[in-house]
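J.: Chain by chain, the residues run as shown.
Protein chains: 2
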Amino acid sequence: MKIALVGGTGNIGKGLAVRWASKHDVLIGSRLEEKAKTCVLEYSKHAGTTRLVGCSNESAVEQADVVVLCVPFEYVTTTIESVRHVIEGKCVISPVVPMRVSSNRAEYTPPEEGSAALLVRTILPESASLASAFHTVPAKGLVNPEGGYDVVVCGEEEAKKVAFELAIDANLRPFDGGPLENSPLVESLTPLLINLGIYNNLKNVSIKFLYDDIGR
Amino acid sequence: MKIALVGGTGNIGKGLAVRWASKHDVLIGSRLEEKAKTCVLEYSKHAGTTRLVGCSNESAVEQADVVVLCVPFEYVTTTIESVRHVIEGKCVISPVVPMRVSSNRAEYTPPEEGSAALLVRTILPESASLASAFHTVPAKGLVNPEGGYDVVVCGEEEAKKVAFELAIDANLRPFDGGPLENSPLVESLTPLLINLGIYNNLKNVSIKFLYDDIGR
Numbered sequence: 001m002k003i004a005l006v007g008g009t010g011n012i013g014k015g016l017a018v019r020w021a022s023k024h025d026v027l028i029g030s031r032l033e034e035k036a037k038t039c040v041l042e043y044s045k046h047a048g049t050t051r052l053v054g055c056s057n058e059s060a061v062e063q064a065d066v067v068v069l070c071v072p073f074e075y076v077t078t079t080i081e082s083v084r085h086v087i088e089g090k091c092v093i094s095p096v097v098p099m100r101v102s103s104n105r106a107e108y109t110p111p112e113e114g115s116a117a118l119l120v121r122t123i124l125p126e127s128a129s130l131a132s133a134f135h136t137v138p139a140k141g142l143v144n145p146e147g148g149y150d151v152v153v154c155g156e157e158e159a160k161k162v163a164f165e166l167a168i169d170a171n172l173r174p175f176d177g178g179p180l181e182n183s184p185l186v187e188s189l190t191p192l193l194i195n196l197g198i199y200n201n202l203k204n205v206s207i208k209f210l211y212d213d214i215g216r
Numbered sequence: 001m002k003i004a005l006v007g008g009t010g011n012i013g014k015g016l017a018v019r020w021a022s023k024h025d026v027l028i029g030s031r032l033e034e035k036a037k038t039c040v041l042e043y044s045k046h047a048g049t050t051r052l053v054g055c056s057n058e059s060a061v062e063q064a065d066v067v068v069l070c071v072p073f074e075y076v077t078t079t080i081e082s083v084r085h086v087i088e089g090k091c092v093i094s095p096v097v098p099m100r101v102s103s104n105r106a107e108y109t110p111p112e113e114g115s116a117a118l119l120v121r122t123i124l125p126e127s128a129s130l131a132s133a134f135h136t137v138p139a140k141g142l143v144n145p146e147g148g149y150d151v152v153v154c155g156e157e158e159a160k161k162v163a164f165e166l167a168i169d170a171n172l173r174p175f176d177g178g179p180l181e182n183s184p185l186v187e188s189l190t191p192l193l194i195n196l197g198i199y200n201n202l203k204n205v206s207i208k209f210l211y212d213d214i215g216r
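Protein chains in written order, with the numbering used here: chain U, 1 to 216; chain R, 1 to 216.
Excised from the complex, chain U in its bound form:
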């Protein structure tokens, strides 16, 4: 698969790029093409592969089958608008979390649509399929490909299916969280995990789901 990491020069972009680069073509997108190319040199040290390419966000999306929105919530609207003309018919995955983080507290601050994913849905063209995923992976832990984490995937069927496949390829264990309307429950896990780190003096807090029956 060809995966565009829009705004892929940040922490979560690095982790996902390193995990996917051995199985997929990963296009690191940035507003500044030069910055993307510099990141690719850095990421390649961890990934040990040449299947990483740095380019503009627009060029990354244009070439990709799947687009992962690796931008902070504040930039998600303008970023999508800048690539909207080349995103028609593609699968889009949003790990975006609207939150306010200070030194002693993280708070979930969803827009009036109810969640980042529900806002993104209103901006994307109808033909794009959207899933919300990868909120529970600690960005730094992700860079070490051996750390297995659980992720919850909400969304529309086509994008959800792709997100499940990509999760497994990244050594993550995906769970179905239902339709996109459930995304507030999943996005709000990120500030919860940050808070557990703050109040309990822990690092890279993540989640494992336990259950009794294996009907999967």
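What the hints contain is simulated information worked out from the structure, not anything from laboratory work. Nothing here was measured: the structure is a model prediction, and the numbers come from that model. Heads up, some of the hints might be wrong.
A pair holds if it fits inside one copy or across any two, identical chains being indistinguishable in the list.
To be verified - The calculated lysine to any residue pairs, modelled on SDA-like cross-linking and capped at a C-alpha distance of 25 Å, are:
no.	residue 1	residue 2
1	Lys161	Glu107
2	Lys203	Ser103
3	Lys208	Val143
4	Lys140	Phe164
5	Lys161	Tyr199
6	Lys203	Pro179
7	Lys203	Glu165
8	Lys203	Gly148
9	Lys23	Ile168
10	Lys203	Arg173
11	Lys2	Lys35
12	Lys161	Asn200
13	Lys161	Gly197
14	Lys208	Ala139
15	Lys208	Arg105
16	Lys203	Pro174
17	Lys140	Asp212
18	Lys35	Lys140
19	Lys2	Glu88
20	Lys2	Ser82
Fit chain R to the known structure of chain U by using the hints.
T.: Chain R alone, transformed into the frame defined by chain U:
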């Protein structure tokens, strides 16, 4: 400690009663005293102890050091109002979750105060100390005292300290979730876990937190 389980005749009341009855005096409260006494006979089969007593909610709260609100969200306001005159100065623990559950979806539906716990805070007398806890334990799994689960505790210092002790006595692993303002992040874990059960065909879904550094 003397623990009142207000509305303790339901599933969560049963599980907590069974786990605490070997170490504490547990007062099962109900609007109907007879119902509480019948439950005590049933619970005692699991707990193997005589430190369980059935009584009215009012009598349970009056005798207790700690009060656990085991009622559904719909009844929390009227229940607290009915025991408000005997709850002064006590520690109160709220596992209450405002949610709408249908066959194919659970949704977090907080009141305008932001969460059940924040609503409860507005009804309780100032002298009572409040914590929000025990939202992530599957009620049925709780009855088997061997199942270890993680719980997040938010709230005011005095009640939080008691909730931590009681969690450990119930073979649960408590994490500090910060002040009561963070309770929406914790309460919304319950509909998330119910959804994971629905969409992935799992039973008794619960959470385990993973982390890198043990600074606790």
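J.: Failing hints, ascending?
T.: none
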